[in-house]
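Top line first, the protein sequences correspond to chains A and B.
Following numbering that gives the first Met the number 0, the numbering of the first sequence begins with 0 at its first residue and continues without gaps.
Following numbering that gives the first Met the number 0, the numbering of the second sequence begins with 0 at its first residue and continues without gaps.
To be clear, the hints were calculated from the coordinates, so they are not data collected in a lab.
Ideal Cβ placement from N, Cα and C applies to all residues, glycine included.
It is possible that part of the hints are untrue.
Chain B regions said to be covered by chain A (calculated; three or more residues, Cβ under 8 Å) [unchecked claim]: (1) 25 to 33; (2) 36 to 42; (3) 47 to 61; (4) 176 to 190; (5) 196 to 205.
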Amino acid sequence: MRTYLRLLWTFFRVSLLGELAYRASFWLQVAESLIDLGTALAFVGVVFSYTRALNGWSADELLTLIGVYFLIGGAINMIIMPGMNRLIEQVRQGTLDYVLTKPEDAQLLASIQQIDIWKLLDILLGLALLAGATLWRGSVPGPLQLLAFALTLLAGTVIIYSFVLFLATLSFWYVRMENILVIFESMYEAGRWPVNIYPGWLRAILTFVVPVAFAVTVPAEALTARLTWLVLAGTLLLAALALLASRLFWRFAIRYYSGASS
Amino acid sequence: MRYLIAVYRQQLKTAIAEQLQYRAALVIWLIEVALGPAVSISVWSTVARNEGGEVNGYNPSGFAAYFIATMLVNYATQTWVFWEFSRRVREGEFSPLLLRPLHPIHADIAQHLAYKILMLPVIGLVTLLLWLAFHAGFTPSPASLATFLPALLLAFALRFTLEWTLALLAFWLTQVNVINQLYVVVVLFLSGQLLPLSFLPAPLQAATAWLPFQWMVAFPAQLLSTGLSAQSVVAGFLAQLLWLLIGLGLLSFTWRRGLKRYTAVGG
């Protein structure tokens with residue numbers, strides 16, 4: 000575990016140094032993230048000028064949800080997506096061979112090999128939103144709620160990671176998988192709203208086909224005290240199963256891999 | 000004129016052949032296009048149901064019709080010249096285009112038309128699916144339906160002219176992404192894509208009256224989803240024509256200034 004964290008830190012430092020060469024792009028990235036956030040808030044503002052609660056979610060609770068959306072989205076786009084996109088590229092070009100010959104676990108290396116540090120901004124914005132929503136509500140969540148939040152946040156990230164890893168692993172057989180990741184990104188945008196506002200078929204897709212519901216709605220439910228024990232247990236179980244399944248699939252795929260360069 | 004038609008035919012053929020290489024991209028595009036309206040319809044239908052079935056004169060099936068109509072209009076009018084232009088200028092791709100004996104805008108128009116023709120089956124399928132899934136209720140009168148197509152054509156001409164002009168900013172600025180993103184957000188709110196214009200706060204509604212954006216999306220979309228009175232139809236057409244003239248003036252002015260300014264980067 001210590002080695003893994005050290006590796007992550009090393010990759011992080013390398014990309015930080017790489018990006019620090021372009022200081023002007025810092026402000027551009029800040030502007031982009033702020034415009035994103037402003038758009039989301041303005042839309043929510045208009046919606047709540049016509050209603051007091053959206054299927055039981057009040058304005059401050061929805062703000063919490065958007066906070067989680069930015070937090071998880073930032074984490075996905077900072078580490079998971081860049082790494083997976085690069086993995087697909089490596090499979091196509093045959094450079095995955097070099098990753099496989101390294102002495103660390105290949106799945107881990109592939110997962111953290113590329114970090115887009117600017118997405119840290121989204122994570123910070125998400126945290127700020129969560130703090131703001133809590134202040135607005137005026138009641139701090141209890142320790143049990145915070146624990147449930149942390150657990151579901153972790154489980155949600157694990158589920159998304161396993162899902163994206165599964166898709167990226169398919170590139171061992173099908174070469175053009177980067178397009179599939181684009182679909183995932185646009186589906187993730189639907190997570191800006193609690194999944195219970197969607198009609199049944201769309202809710203089912205967002206829960207079981209593209210697991211956006213577990214990543215955003217469930218942690219937000221934990222923080223706003225509407226999570227049942229059953230959902231909590233189910234989410235944790237699903238996360239464990241998803242991680243195991245994607246790991247097994249990765250191992251299977253690696254055995255299948257013959258290297259395009261040789 | 001005959002010469003121009005021949006040019007367009009060739010450009011269309013090339014662009015369609017180019018696009019046909021990416022058939023998988025069509026499916027992805029289908030999901031992306033369908034998702035935006037599906038989310039908007041869900042959100043506003045929920046608001047309507049929470050408020051007793053109706054807000055501002057829209058019930059869930061009214062919202063469905065409105066957002067499906069905006070999706071169609073947006074598909075027909077949207078352009079991607081921004082992203083093209085900044086790349087063209089940065090990478091020096093502009094120089095060969097300028098050497099051709101014809102204004103480069105024609106190639107761009109042809110390319111956009113080709114893409115839209117090619118996507119027609121996809122957008123038709125998305126429309127049908129959304130219509131059935133959300134029980135959309137379209138209620139236009141035959142007269143307003145008849146004016147939809149000309150309004151749509153003018154909307155495309157207007158939007159293309161304005162966005163092509165704005166894209167010319169790439170001659171002066173090398174980093175235009177933030178400007179583009181801001182423009183996209185402004186259009187999202189003020190053109191009626193994100194919500195019907197009558198839902199905007201009063202000051203923003205006042206602003207839309209003085210800006211060209213609602214004539215690019217909301218006007219044709221309303222003709223299709225609910226229909227408009229004869230008076231508003233006439234006013235809408237006049238506004239579209241007026242803005243189109245202003246746009247064309249701006250375009251030729253900016254184009255001439257930009258060309259003087261242009262020194263190929265990397266070429």
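Do the hints match the structure? See the list:
Counting residues of the region 25 to 33 of chain B whose C-beta lies closer than 8 Å to any C-beta of chain A gives 3; at least three are required, and the coverage claim holds. Figure legend: the region 36 to 42 of chain B, annotated as covered by chain A; annotation consistent (4 residues with Cβ-Cβ distances under 8 Å, at least 3 required). Under a criterion of three residues with beta carbons nearer than 8 Å to beta carbons of chain A, the stated coverage of the region 47 to 61 of chain B is upheld, 4 such residues being counted. Look at the region 176 to 190 of chain B against chain A: 7 of its residues bring a Cβ nearer than 8 Å to a Cβ of that chain, three or more, so the hint holds.
Only residues whose C-beta sits within less than 8 Å of a C-beta in chain A count toward coverage, and the region 196 to 205 of chain B has 3 of them, enough to reach three; the restraint holds.
Of the hints listed earlier, there is not a single one the structure fails to meet.
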